[in-house]
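From first to last, the protein sequence lines stand for chains A and B.
Going by the numbering used here, the letters in the first sequence line up with residues 12 to 464, in that order.
Going by the numbering used here, the letters in the second sequence line up with residues 12 to 464, in that order.
What the hints contain is simulated information worked out from the structure, not anything from laboratory work.
When chains are identical, the list treats them as one kind, so a pair holds in a single copy or across two.
The calculated DSSO-like cross-link candidates involving lysine-lysine, where the alpha carbons are at most 30 Å apart (straight line), are: (1) Lys-58 to Lys-45; (2) Lys-422 to Lys-15; (3) Lys-369 to Lys-219; (4) Lys-323 to Lys-282; (5) Lys-323 to Lys-219.
2 protein chains.
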Amino acid sequence: MDTKTYIAANRDRFLQELFEVLRIPSISARSEHKPDMVRCAEWLRDKLLAAGADRAEVMPSEGNPVVFAEKIIDPARPTVLVYGHYDVMPVEPLDEWRTEPFEPVIDRGRIWCRGANDDKGQLYMQAKAFETLTATGKLPCNVKFMLEGEEEIGSPSLYRWCEEHRELVAADVILVSDTSLLAWDVPSITCGLRGLCYMEVEVTGPDKDLHSGLYGGAVANPANVLAKLVASLTDERGRVTIPGFYDDVRELTPQERADFNKAPFDAEKYKQALDIAEVAGEEGYTTMERTGVRPSLDVNGIWGGYTQEGTKTIIPSRASAKISMRLVPNQDWEKIAELFERHFRAIAPPTVRVNVRKLHGGAPYVSPTDLPAYQAAARAFETTFGKKPLPFFSGGSIPIISAFERILGIKAILMGFGLDRDAIHSPNESFSVDCFLRGIETIVEFYKNYAHE
Amino acid sequence: MDTKTYIAANRDRFLQELFEVLRIPSISARSEHKPDMVRCAEWLRDKLLAAGADRAEVMPSEGNPVVFAEKIIDPARPTVLVYGHYDVMPVEPLDEWRTEPFEPVIDRGRIWCRGANDDKGQLYMQAKAFETLTATGKLPCNVKFMLEGEEEIGSPSLYRWCEEHRELVAADVILVSDTSLLAWDVPSITCGLRGLCYMEVEVTGPDKDLHSGLYGGAVANPANVLAKLVASLTDERGRVTIPGFYDDVRELTPQERADFNKAPFDAEKYKQALDIAEVAGEEGYTTMERTGVRPSLDVNGIWGGYTQEGTKTIIPSRASAKISMRLVPNQDWEKIAELFERHFRAIAPPTVRVNVRKLHGGAPYVSPTDLPAYQAAARAFETTFGKKPLPFFSGGSIPIISAFERILGIKAILMGFGLDRDAIHSPNESFSVDCFLRGIETIVEFYKNYAHE
Chain A
12 MDTKTYIAAN RDRFLQELFE VLRIPSISAR SEHKPDMVRC AEWLRDKLLA AGADRAEVMP
72 SEGNPVVFAE KIIDPARPTV LVYGHYDVMP VEPLDEWRTE PFEPVIDRGR IWCRGANDDK
132 GQLYMQAKAF ETLTATGKLP CNVKFMLEGE EEIGSPSLYR WCEEHRELVA ADVILVSDTS
192 LLAWDVPSIT CGLRGLCYME VEVTGPDKDL HSGLYGGAVA NPANVLAKLV ASLTDERGRV
252 TIPGFYDDVR ELTPQERADF NKAPFDAEKY KQALDIAEVA GEEGYTTMER TGVRPSLDVN
312 GIWGGYTQEG TKTIIPSRAS AKISMRLVPN QDWEKIAELF ERHFRAIAPP TVRVNVRKLH
372 GGAPYVSPTD LPAYQAAARA FETTFGKKPL PFFSGGSIPI ISAFERILGI KAILMGFGLD
432 RDAIHSPNES FSVDCFLRGI ETIVEFYKNY AHE
Chain B
12 MDTKTYIAAN RDRFLQELFE VLRIPSISAR SEHKPDMVRC AEWLRDKLLA AGADRAEVMP
72 SEGNPVVFAE KIIDPARPTV LVYGHYDVMP VEPLDEWRTE PFEPVIDRGR IWCRGANDDK
132 GQLYMQAKAF ETLTATGKLP CNVKFMLEGE EEIGSPSLYR WCEEHRELVA ADVILVSDTS
192 LLAWDVPSIT CGLRGLCYME VEVTGPDKDL HSGLYGGAVA NPANVLAKLV ASLTDERGRV
252 TIPGFYDDVR ELTPQERADF NKAPFDAEKY KQALDIAEVA GEEGYTTMER TGVRPSLDVN
312 GIWGGYTQEG TKTIIPSRAS AKISMRLVPN QDWEKIAELF ERHFRAIAPP TVRVNVRKLH
372 GGAPYVSPTD LPAYQAAARA FETTFGKKPL PFFSGGSIPI ISAFERILGI KAILMGFGLD
432 RDAIHSPNES FSVDCFLRGI ETIVEFYKNY AHE
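Taking the hints into account, I'd like the entire structure generated from these sequences.
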């Protein structure tokens with residue numbers, strides 16, 4: 012039986028199995044779901060064994076367990092390590108769900124459930140592609156699975172787990188289905204993710220809130236000062252003013268820029284969807300470039316003083332902001348955090364004290380399009396979608412992906428089959444049945460292409 | 012009996028009476044205290060009658076009643092209208108009080124109670140000065156009292172009440188004890204109050220919070236934009252940049268500036284008390300000038316986006332700020348509100364929408380030092396304190412004072428006897444017994460001087 016026929020013949024069972032795992036409320040952010048995490052890991056272990064793994068285990072970590080499985084057909088052949096996560100985001104606000112969050116329903120060709128896409132639906136495509144290849148006797152290489160239960164809370168345990176299991180997970184490439192297509196008719200492969208450097212700043216003036224009548228005009232107001240400091244972090248050309256910020260940014264070649272801008276982009280539709288009159292950003296770059304390959308600086312939160320209804324005439328004692336920067340190759344987030352802190356302290360006037368804290372960060376990631384595995388993935392998309400996929404640089408960050416490269420020395424290929432409308436992390440998450448099945452087919456083709464490189 | 016002897020002889024009774032009125036919890040901000048407001052007004056009416064008024068009434072207003080009383084000795088003589096307020100601020104946080112908020116206690120020469128200074132203690136000095144003059148047969152002019160019960164909530168009813176009772180309250184000067192001395196050994200008369208123009212602004216970008224990874228760098232961030240707009244409202248010389256803002260500001264003459272800066276000011280003590288390293292403000296002016304006779308612009312509150320513990324990677328849909336300006340003669344707060352709104356809209360980039368609201372305002376007030384009533388007050392201080400009082404411009408605002416001038420056409424003299432340490436509006440409010448008695452004596456001297464002008 013060929014692989015396509017096998018997938019079609021087993022379609023309903025694949026979906027039924029997916030529904031089983033979707034029903035387990037494996038919310039990593041809530042400690043009361045610990046038993047669900049274990050149940051979910053054990054269920055996946057059993058299914059990977061049934062799909063043809065030689066070995067499958069639920070392995071402890073400092074947090075939720077990691078499911079590891081492998082099938083070694085020949086140590087001399089290449090090895091693919093599949094990464095995915097079985098934990099899901101919380102489901103609040105509950106009253107916005109049109110169906111039960113953990114009871115999958117198919118409606119208008121889509122599976123509606125928390126985790127339908129992110130990432131149970133997508134990791135199960137990987138499991139069923141593996142089954143298809145083993146069942147049809149067509150698996151051309153070794154396969155390992157590493158499925159974690161803490162991605163939605165920042166993978167706190169997986170970094171160390173990887174360091175302690177380097178040999179076990181050794182592979183030639185990591186395959187991940189946890190991203191989206193540009194559109195159903197615009198297949199794409201995410202070949203870049205931005206890094207992140209998330210800071211918090213606090214500006215303190217007088218040791219208590221002051222009467223703004225008695226002191227206004229004579230004492231530096233921390234909220235006014237904060238506004239000036241934050242305002243000065245970007246210039247009128249939309250560039251970040253922190254000295255050294257752009258030093259390590261790799262500039263695209265004209266050819267790369269031309270390729271990059273081939274992705275379809277409808278500015279009017281974009282503005283309409285966000286209800287904004289104009290886009291804005293770094294001078295000389297397109298919107299796609301601004302979010303894909305250029306760094307950015309955003310205030311994620313700002314607060315200080317009296318923020319309730321009505322009036323209170325005070326000079327607040329302090330004001331704060333959360334400020335994060337998205338980074339691109341080859342920016343180092345720890346170095347950027349240092350540059351930020353040094354600059355922020357340097358520009359603060361002597362009338363206030365500033366406190367700068369580094370909250371979180373991660374390196375940018377890029378998978379060059381000339382990697383053999385990228386080429387194998389690209390040809391797989393061409394086979395199943397009938398057109399060449401566009402290499403796509405997502406503005407988001409998945410810190411664990413760049414950590415795989417740093418810790419394990421393995422590049423990842425991001426073959427994701429979600430769509431924008433899937434509302435991951437939101438109420439009424441969904442995943443198209445067509446995406447699910449086409450995903451399995453495409454992953455199967457990837458293996459065929461990759462093992463013949 | 013001379014007036015000084017009368018005051019000394021009746022000292023204990025004066026204090027006992029003050030204690031009676033202090034025990035009434037006349038908190039205007041809490042509707043459950045309505046009966047206390049009436050009780051307090053009736054108590055004052057009775058005491059003013061007993062002190063020698065020909066007539067005393069509790070008169071209705073749209074809100075809490077106004078106590079009106081008068082003694083007309085000769086329509087041809089000048090008339091003094093005493094203004095005061097019998098309402099007090101709320102007492103929260105209760106656990107910070109060292110004594111019961113509404114049970115007066117004398118300790119270390121001070122009366123501890125809500126309202127001890129603001130304004131029951133100070134208005135009762137006026138009542139007892141009046142009694143002293145009538146009882147000793149030395150009242151040299153006509154006297155009227157207008158005591159309101161809503162000052163702490165912005166005098167919402169008194170504006171209209173004054174318009175409707177212009178004839179009743181007609182007078183030559185208004186006398187107010189509701190301010191402070193620079194210090195016990197630095198007697199002063201408040202001859203200026205700043206005005207106020209309180210605005211709220213909101214900057215809106217996309218119609219929902221956006222993922223700062225997917226959109227960061229391509230969409231204007233309302234919090235970043237708000238920071239830029241707020242930052243631009245003042246320049247590096249500490250001046251407000253709103254076009255026309257300074258057009259009506261009366262500049263002091265060199266002589267006035269010299270006089271103005273005679274008030275003792277200890278910069279080191281000032282900075283130490285506020286725990287700041289440097290003062291800050293408009294270039295070319297002293298701290299006293301910056302708070303007394305120069306306008307200012309302060310952010311009273313700012314907020315937008317994620318402000319809890321930890322990180323959330325969003326571009327907030329909107330960000331807001333409360334911004335108030337202190338005004339000086341001859342700035343018009345309604346005009347300034349218009350200039351502010353026009354300017355803020357003009358500088359907002361087309362990438363966002365802005366909403367500007369006027370929340371509150373009041374005119375600045377000034378009582379020239381060459382007014383006969385000011386001169387009478389100055390000589391009274393000289394008699395009782397042994398030194399000339401300094402004319403003092405307070406940075407704060409009492410909007411009703413400038414309204415008296417506008418509605419009634421009467422100037423007010425602000426003879427206040429509080430001290431900085433009295434903690435008005437805060438827990439553990441107090442008022443020095445010495446201030447209370449010296450206040451009565453000084454007010455008595457004012458009448459003697461004023462009626463002989």
